[in-house]
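Protein chains: 2
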Amino acid sequence: MKEDSSQFAETFTTEDMEGGITNENGRDPESNSLNQPLLKRNRTLSSSPLALIGAKVSHIESLDYEINENDLFKHDWRSRSSVQVLQYIFLKWTLAFLVGLLTGLIATLINLAVENIAGFKLLAVAGFIEEKRYLMGFIYFTGANFLLTLVAAVLCVCFAPTAAGPGIPEIKAYLNGVDTPNMFGATTLIVKIIGSIGAVSAGLDLGKEGPLVHIGTCIASLLGQGGPDNYHLRWRWLRYFNNDRDRRDLITCGASSGVCAAFRAPVGGVLFALEEVATWWRSALLWRTFFSTAVVAVVLRAFIEYCNSGKCGLFGKGGLIMFDVSNVTVKYHVMDIIPVVIIGLIGGVLGSLYNYLLHKVLRLYSLINQKGKIYKLLLSLSVSLFTSVCLYGLPFLATCSPCDPSLPESACPTTGQTGNFKQFNCPDGYYNDLASLLFSTNDDAVRNIFSTNTPTEFHPLSLVIFFTLYCILGLFTFGIAVPSGLFLPIILMGSAYGRLLGSAMGSYTNIDQGLYAVLGAASLMAGSMRMTVSLCVIFLELTNNLLLLPITMIVLLIAKTAGDSFNPSIYEIILHLKGLPFLEAHPEPWMRNLTVGELADIKPAVVTLHGLEKVARIVDVLRNTTHNGFPVVDDDMVPPAGLAIGAMALKGLVLRSHLVQILKKKWFLQERRRTEEWEVREKFTWVDLAERCGRIEEVAVTKDEMEMYVDLHPLTNTTPYTVVESMSVAKAMVLFREVGLRHLLIVPQYQAAGVSPVVGILTRQDLRAHNILTAFPHLEKSKRREKGN
Amino acid sequence: MKEDSSQFAETFTTEDMEGGITNENGRDPESNSLNQPLLKRNRTLSSSPLALIGAKVSHIESLDYEINENDLFKHDWRSRSSVQVLQYIFLKWTLAFLVGLLTGLIATLINLAVENIAGFKLLAVAGFIEEKRYLMGFIYFTGANFLLTLVAAVLCVCFAPTAAGPGIPEIKAYLNGVDTPNMFGATTLIVKIIGSIGAVSAGLDLGKEGPLVHIGTCIASLLGQGGPDNYHLRWRWLRYFNNDRDRRDLITCGASSGVCAAFRAPVGGVLFALEEVATWWRSALLWRTFFSTAVVAVVLRAFIEYCNSGKCGLFGKGGLIMFDVSNVTVKYHVMDIIPVVIIGLIGGVLGSLYNYLLHKVLRLYSLINQKGKIYKLLLSLSVSLFTSVCLYGLPFLATCSPCDPSLPESACPTTGQTGNFKQFNCPDGYYNDLASLLFSTNDDAVRNIFSTNTPTEFHPLSLVIFFTLYCILGLFTFGIAVPSGLFLPIILMGSAYGRLLGSAMGSYTNIDQGLYAVLGAASLMAGSMRMTVSLCVIFLELTNNLLLLPITMIVLLIAKTAGDSFNPSIYEIILHLKGLPFLEAHPEPWMRNLTVGELADIKPAVVTLHGLEKVARIVDVLRNTTHNGFPVVDDDMVPPAGLAIGAMALKGLVLRSHLVQILKKKWFLQERRRTEEWEVREKFTWVDLAERCGRIEEVAVTKDEMEMYVDLHPLTNTTPYTVVESMSVAKAMVLFREVGLRHLLIVPQYQAAGVSPVVGILTRQDLRAHNILTAFPHLEKSKRREKGN
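Going down the list, the sequences are from chains D and G.
Residues in the first sequence are numbered consecutively from 1, following UniProt numbering.
Residues in the second sequence are numbered consecutively from 1, following UniProt numbering.
The set of hints was computed from the structure by calculation and includes no laboratory data.
Where hints are given, some of them may not hold.
Identical chains share a label here; the pair holds if one copy fits it or two copies do between them.
[To be verified] Here are the simulated lysine-lysine pairs, DSS-like style, with alpha carbons at most 30 Å apart:
(1) K331 <-> K311
(2) K311 <-> K360
(3) K603 <-> K74
(4) K666 <-> K360
(5) K665 <-> K373
(6) K331 <-> K664
(7) K666 <-> K92
(8) K132 <-> K703
(9) K360 <-> K132
(10) K74 <-> K666
(11) K683 <-> K74
(12) K703 <-> K614
(13) K665 <-> K371
(14) K92 <-> K603
(15) K614 <-> K666
(16) K666 <-> K703
Please model the entire structure based on the sequences and the hints provided.
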């Protein structure tokens with residue numbers, strides 16, 4: 001797998017080099033073609049990364065998960081009473097509870113809305129069809145879908161472009177330390193909720209699973225900061241949460257709550273967050289996310305019990321388990337290993353093919369979307385039209401099948417919005433198998449295709465039509481400007497070929513065809529998303545058949561292995577495509593051949609500050625650089641015994657945001673002296689410093705003030721992580737990622753008078769394989785040579 | 001929770017100080033009492049740790065999970081062809097497969113043996129009882145149990161003391177980086193298998209779960225090194241695995257396979273390894289452990305299918321799911337929240353009480369065990385006698401209940417080795433409810449107490465007797481010298497009070513009493529072991545009732561929270577008791593007030609070597625120190641431009657084992673010169689260096705050789721992780737643990753001529769809270785003051 005991800009990176013790089021050095025903006029619309037990357041960067045190690053956020057290119061910032069151990073923090077920590085500590089712990093759990101509660105409520109709301117809107121739409125159309133008014137039915141169906149898509153798309157395009165798509169890649173990047181702008185705001189949340197309802201009710205081939213994950217994280221982020229950006233609560237105790245570390249934990253809770261709400265899979269949700277989304281993990285966090293998902297499960301369960309009595313319109317049929325297949329006993333022979341392996345292989349190959357094609361389609365869509373809002377809208381609406389035409393028209397191609405007389409009359413044929421054997425255009429006593437799959441909500445389609453003990457329900461031809469249609473829709477729907485999840489389209493595609501294989505095996509197999517559909521869906525998920533344990537648990541919780549577990553595990557492992565030998569997972573592809581500076585878990589092998597010293601050499605010299613610094617110098621540095629952290633270096637007047645006066649010492653690292661706050665609050669000294677602890681405490685609190693606000697352009701400093709001094713010591717992080725310049729990039733990257741850093745200082749290997757105690761500073765961008773290869777093209781060659789061996 | 005673990009550490013420390021400085025051996029048998037620690041250390045930061053391994057005090061070593069980037073490694077890695085890389089990957093997966101396969105086979109073997117031995121024993125005794133020959137039955141029962149215990153105990157005491165107990169704490173320590181001697185050998189494996197069969201068949205109150213985890217890891221370790229210590233295969237490709245990193249991964253696979261084999265819970269096994277056992281985790285490893293457990297599941301499943309046809313004697317009844325309760329539909333009201341909360345609270349309180357009392361009992365047992373082998377044997381045998389007397393005698397106290405006439409005659413009463421309604425001493429048509437619980441194997445007892453739709457089967461009095469008995473047995477059985485697991489005793493205890501509460505709730509509840517028993521068991525597990533997600537999945541896989549999941553989650557969360565407010569988990573307690581230098585996940589808050597420089601100051605000055613060093617000096621250093629790594633410091637003759645000649649540079653770290661190998665292979669130079677790459681490659685390979693063998697005492701160096709030189713550069717790890725001396729201990733510890741280090745170098749903060757480029761070296765022992773507090777008693781005080789606030 002490592003081999004492949006580097007292959008992937010390589011393709012990008014070569015293209016980059018062909019494109020040459022591009023403009024600052026990073027885009028070069030004229031030369032854009034399908035073979036070129038959407039984002040280009042200068043051929044140096046850049047510290048101002050750009051990424052594609054909702055079809056726009058934005059600057060993005062890194063997050064800081066390191067504890068900033070400066071004097072203020074230490075004092076604050078020492079002076080925190082046990083009551084405050086308890087308050088903090090209590091608040092942490094309260095927020096986790098609220099995240100679960102709200103995610104559960106919103107998920108119920110979305111389900112309720114979707115089931116009712118889509119249900120009444122389908123009922124009305126079924127009415128027209130029953131009266132043989134086919135054209136009227138078509139107009140009503142297409143029109144309703146068109147309007148629903150329009151609502152979703154207009155909201156996404158005009159108010160919150162970041163609400164389009166699933167949002168999972170951005171969440172993954174956030175938890176890796178990349179702050180994508182406007183991702184977790186209140187507007188995004190609202191647009192995502194309404195847009196998701198619209199898009200799913202419109203019958204588009206997309207799910208509400210990805211969006212629910214995003215909704216969960218939005219709720220978490222908003223709760224953590226006490227409300228929307230402009231109106232948030234400024235309670236003192238809430239502001240303890242206004243730091244990157246606590247927000248990260250809360251967002252992890254949100255992500256797992258979202259998955260739990262989507263699939264009603266509490267354990268699967270935790271594992272999804274652990275396996276796919278999170279970069280760092282602590283056992284305390286495992287426990288908190290588990291609490292959140294438990295709350296979601298209880299909320300969902302309560303509403304389902306409530307709605308079972310029919311108080312929620314068309315919503316509420318079916319229990320907590322979405323696609324229950326527990327009514328078949330799983331028995332298998334040695335022979336059954338063959339179809340299981342085949343399903344796994346098909347899943348892997350198709351999954352990676354899907355990833356490959358989706359990548360191409362997304363590039364194409366990006367070009368269309370860049371042209372303007374109206375193009376984005378038109379694209380979405382044409383996909384909606386095409387979908388409606390297919391869903392309505394194709395069932396007419398299928399022949400009517402007679403109902404199995406052993407079934408009760410109420411079960412076959414059905415005309416309601418749910419039910420397995422749809423009557424559609426067929427006479428009484430007959431059903432249209434393709435309509436059972438196409439003329440229903442996506443959830444119901446999955447339920448129908450997973451249905452067990454119905455070996456003859458679906459004609460192979462209908463399954464082929466269904467599979468082909470959903471392959472096309474799955475590729476062309478995902479990139480449009482509405483909130484869309486990937487899970488359901490993949491489940492639909494996968495279940496089709498799984499069930500087809502089941503029919504083909506016929507009497508050679510002991511496994512029910514419904515279970516084949518489940519296995520097919522699992523295999524395509526693994527082939528495309530490359531998860532194992534979490535998918536396994538999610539499928540277990542979706543289908544409630546524990547005896548299927550060993551086969552599911554084997555299918556998932558085969559599909560993932562097969563997929564990994566072609567390309568990376570779909571989320572990684574999207575991350576690359578968007579240009580988000582995600583830091584991979586494993587260093588590339590060639591990184592062992594490069595030292596951080598060599599990396600520092602090609603960067604501009606590091607800008608250091610003195611512990612007692614002139615205001616003018618600080619202003620100058622802030623205005624003329626874009627760095628977010630500056631090493632503080634001192635020549636102590638009174639060095640430790642045995643050292644010459646003027647011996648240089650590394651005092652730590654001071655952050656740009658803290659410098660801006662000093663300037664804003666005008667904490668200046670007339671003379672060049674060290675301050676006392678109480679002086680800084682009068683001006684700043686730890687909570688102030690955690691905020692990341694203020695830009696140097698907003699600060700006005702008078703000429704007199706320019707000549708004054710600042711004592712940086714109390715605000716300096718005295719314990720930044722460091723590496724010696726002879727350290728290999730591979731190991732520096734491991735440190736950077738494992739500890740969750742934003743800045744990593746490089747200290748000299750040689751010990752001598754006159755050597756600066758810090759020779760460089762590394763950031764996320766410097767450690768990314770792609771950037772290093774751009775700056776050191778010879779590594780690219782050595783990499784190729786090694787591969788050629 | 002953090003609060004508590006520090007409380008725990010504190011108790012230890014104060015006692016240590018009262019005891020004063022003790023002898024080198026670390027024990028002071030005269031003054032041993034229940035209030036004093038079993039292991040004592042000098043009041044300095046010690047680098048020669050002692051731990052209690054199977055009632056003996058042994059020296060233990062740290063493991064090295066860092067990649068040793070020296071010239072040889074780099075060359076080896078560059079010259080590895082893609083075929084070799086593929087071979088390595090293939091081998092990794094093959095080994096994971098073999099671990100799963102062998103664990104599955106051995107687990108089946110153990111199950112088969114236990115079910116048959118215990119089954120025939122119970123059948124014979126039931127025969128005597130049927131003939132009213134009660135005394136004969138008693139003698140037979142007690143005698144058989146005595147003999148079985150004797151076999152298990154003699155094996156453990158004489159051949160493999162490390163096979164006693166569950167082994168999980170030691171595995172946890174291993175994955176944290178602590179190498180416990182003789183833990184994973186072939187003798188241990190064999191004794192563990194036979195001992196476990198003996199102890200479980202003897203009806204002792206212990207499970208085979210912990211031992212199976214240990215068996216899995218033993219298999220993994222033996223496979224990784226190619227066989228037992230003395231006879232292992234020396235195939236070249238297998239020796240690529242002879243390093244701490246790959247062995248760690250394999251042992252993680254073994255641990256999860258073991259849990260999977262114990263509970264037939266593949267996903268639970270992976271999660272158990274992740275949540276409880278492992279310290280570091282990578283997603284690639286998640287996937288490999290998942291593969292191992294999938295293999296185990298398939299093997300178990302195959303054997304169960306095979307044995308269902310009656311070819312395995314008394315083994316093979318029942319399917320893959322051990323304690324199936326899926327036949328009840330879970331319905332619950334808001335009212336049911338009350339018993340759920342109560343069960344959780346009881347579980348937490350009882351669990352922590354159990355931990356507390358078990359701790360006391362284990363201390364007492366340690367004192368007994370120290371007296372000699374015969375005492376260990378006697379202790380085990382007396383526990384066996386007591387258990388037999390109770391199991392046989394107590395059912396006579398219960399009154400006979402008439403069978404429910406709705407049950408078929410074959411179901412009530414039963415006389416076979418399994419079955420729920422045991423006849424025992426009752427007339428036909430009556431059953432003895434206490435005998436259903438006591439007069440059967442532990443697995444069957446759990447199955448019976450979990451049995452659903454049998455609300456009136458057990459009298460509350462019988463449940464009280466059962467609960468009391470198993471509380472006593474659970475406390476006094478665990479520490480005896482046989483392989484013993486903690487899971488089953490806790491499940492038995494917990495299910496008893498769960499079911500009792502269920503009866504007490506009577507008609508106020510909708511939840512089946514069998515489910516109350518399940519919840520009780522889960523709550524006590526969480527209260528004692530403090531796991532959440534993995535327990536939840538294990539219980540799901542054990543009982544196959546997905547609808548129970550939300551309540552299980554809540555019970556687990558409450559029980560864990562309640563337990564954590566009293567004391568740490570049982571595994572942590574055992575780790576402390578054994579003195580294993582486990583590195584906690586979180587630094588203590590007071591560690592932020594201490595710098596690594598202060599820590600280095602109280603240690604003896606660091607011993608450095610030069611890049612070109614005299615043999616005499618190396619021999620001297622190796623003989624007179626016990627350090628396992630030495631920084632290499634050079635005054636380069638040709639320093640980089642701008643530096644004075646003689647500028648000192650930190651070249652890296654060389655390991656003791658590599659120095660010993662240099663001396664053994666006599667790779668000496670006549671003159672003081674740098675060697676070429678081919679010279680070192682002629683003598684050493686990367687695979688040689690990975691072996692951790694050879695002691696300085698075995699090396700003979702002549703007087704002439706003493707005057708020769710060694711070029712250490714090619715064997716030096718050029719990229720050791722470093723921290724600046726002003727770094728706080730808290731952050732250094734995070735780095736140490738996250739990256740998995742054995743040595744962490746401290747570099748100076750000041751940059752001046754004459755300063756050594758390395759001022760100290762930190763190891764695992766230096767970063768342990770207990771050791772630091774011993775050396776810095778004032779931190780202890782500040783800690784107390786803060787707590788008092």
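Evaluation of the provided hints:
1. In the homo-oligomer, the alpha carbons of K331 and K311 lie at most 30 Å apart only across protomers (19 Å), although the nearest pairing inside one protomer, at 40 Å, exceeds that limit.
2. Within a single copy, K311 and K360 get their C-alpha atoms no closer than 46 Å, and across copies no closer than 57 Å, so neither meets the 30 Å cut-off.
3. Within a single copy, K603 and K74 get their C-alpha atoms only as close as 33 Å, which misses the 30 Å cut-off; across copies the closest is 26 Å, which meets it.
4. Taking the closest pair of Cα atoms, K666 and K360 never come within 30 Å of each other, the shortest separation being 53 Å inside a single copy and 61 Å across copies.
5. Proximity of K665 and K373 under a CA criterion of 30 Å is satisfied in neither setting, with 42 Å inside one chain copy and 74 Å between copies.
6. For the homomeric pair K331 and K664, neither the shortest alpha-carbon distance inside one copy (72 Å) nor that between copies (61 Å) is at most 30 Å.
7. Taking the shortest Cα distances, K666 and K92 never come within 30 Å of each other, neither inside one copy (34 Å) nor across copies (61 Å).
8. Proximity of K132 to K703 under the C-alpha cut-off of 30 Å is found in neither arrangement, the shortest distances being 85 Å within a copy and 108 Å between copies.
9. For the identical chains of this complex, K360 and K132 are neighbours neither inside a copy (42 Å) nor across copies (82 Å), given an alpha-carbon limit of 30 Å.
10. Proximity of K74 to K666 under the C-alpha cut-off of 30 Å is restricted to the intra-copy arrangement: shortest distance 23 Å within a copy versus 53 Å between copies.
11. For a Cα distance limit of 30 Å, the shortest separation of K683 from K74 inside one copy, 16 Å, qualifies, whereas the shortest one across copies, 53 Å, does not.
12. In this homomeric assembly, K703 and K614 come within 30 Å of each other (Cα to Cα) only inside a single copy, at 12 Å, whereas the closest approach across copies is 63 Å.
13. Neither within a single protomer nor between protomers do K665 and K371 lie at most 30 Å apart by alpha-carbon distance, with minima of 44 Å and 71 Å respectively.
14. With identical chains, the CA atoms of K92 and K603 are never at most 30 Å apart, being 41 Å at best within one copy and 40 Å at best between copies.
15. In this homomeric assembly, K614 and K666 come within 30 Å of each other (Cα to Cα) only inside a single copy, at 13 Å, whereas the closest approach across copies is 60 Å.
16. Taking the closest pair of Cα atoms, K666 and K703 come within 30 Å of each other only inside a single copy of the chain (13 Å); across copies the shortest separation is 71 Å, beyond that limit.
Hints 2, 4, 5, 6, 7, 8, 9, 13, 14 from the list above are not met by this structure, while the remaining hints are.
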